[in-house]
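Novice: The lines below spell out each chain.
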Amino acid sequence: MNATPELVREVFARVLERQVFLFAEELAIEDIPPGGDWVEARMAFNGPFEGSLSLAMPKDVELEIAANFLGKEAGDPDVARFAQDSLKEILNVVCGHMLTALAGEDPVFDLSIPKVHALSSGDWAALAALPDSLGFDMEGKPALLRFHLPGVTA
Amino acid sequence: MAYNILVVDDSETVRAVMAKAIEMSGAEVKTLLTAGHGEEALEILDREWVDLVFADINMPVMGGVELVKRMKADADMKNIPVVIVSTEGSATRIKGLMDSGVHAFLRKPFKPENLKAVIDEIMGKSK
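As they're listed, the protein sequences go chains G and E.
Sequential numbering from 448 applies to the first sequence in my numbering.
Sequential numbering from 19 applies to the second sequence in my numbering.
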């Protein structure tokens, strides 16, 4: 098991492209405008190893991603209604594929139900400062992804 | 022949996306029913005629594994085909599900044509 930043980036980019048709590329965290109106989805997993995965992005980006996920126009009322749920589902899919990429197809993991919450400026700064947080540019839209294995630094 | 399909997932978004994928797949659907978890699915299965069930694994109240177990223990439900739709890729879990009577496994994300192939295969088999 080797959760290198390259592997985490590769899996996230692959799932995002297939799920919401967006290309995700590496972005230095210091190049992401800090704070603002961000949301974070987080979930945990348990199995041969345990840890957590979180995905954070500005609220307006969450809406754009939800629109792509649902195949609806950004102004459609369903987009705002399903935005948090879409983010949870995308995180869920990323987590499943991340665990297969890391552990192979034999182990069984239990995944928690993802939760979404608003990030304060302080929360954002704390998340961005963590050594296993990775920055992404999703076609001009920023995101932070953290695949955390306790005791391991990606 | 048009089918009555039940989609079981705790995410309202996934239920909406599944409904759209089923529509885009071109599969003939008479009624599309939805449930937020296994227990709700069992209540629907108890009162409605359902030809095919799509179920997630990881749900609150009752997950997909328990749902399949309960369906297989019920004389009226045991022959209804179940497709598990999940992000999980564990071959061990998939084998366990297939051994317990699940008809197919569809890994997310999937394309409508994958969904259509599964529906055609299962409903063809069950005719």
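Treat the hints as calculated values from the structure; they're not laboratory data.
Hints are not guaranteed to be accurate.
Stated by the list, open to error - Under the rule of at most 20 angstroms between Cα atoms (straight-line distance), these lysine to aspartate or glutamate pairs were calculated in the EDC-like manner:
id, chain 1, residue 1, chain 2, residue 2
1, G, 588, G, 472
2, E, 38, G, 523
3, E, 87, G, 557
Because the structure is a prediction, the values reported are computed rather than measured.
Novice: Just to be careful, I want the Cα atoms of residue 87 of chain E and residue 557 of chain G compared with a cutoff of 20 angstroms; is the pair within it?
Specialist: holds (18 angstroms)
Novice: Straight-line Cα separation of residue 588 of chain G and residue 472 of chain G no greater than 20 angstroms?
Specialist: Since the Cα atoms of residue 588 of chain G and residue 472 of chain G sit roughly 10 angstroms apart, the hinted pair holds (cutoff 20 angstroms).
Novice: Does the alpha-carbon distance linking residue 38 of chain E and residue 523 of chain G stay inside the 20 angstroms limit?
Specialist: holds (15 angstroms)
When held up to the earlier numbered hints, the structure conflicts with none and fits them all.
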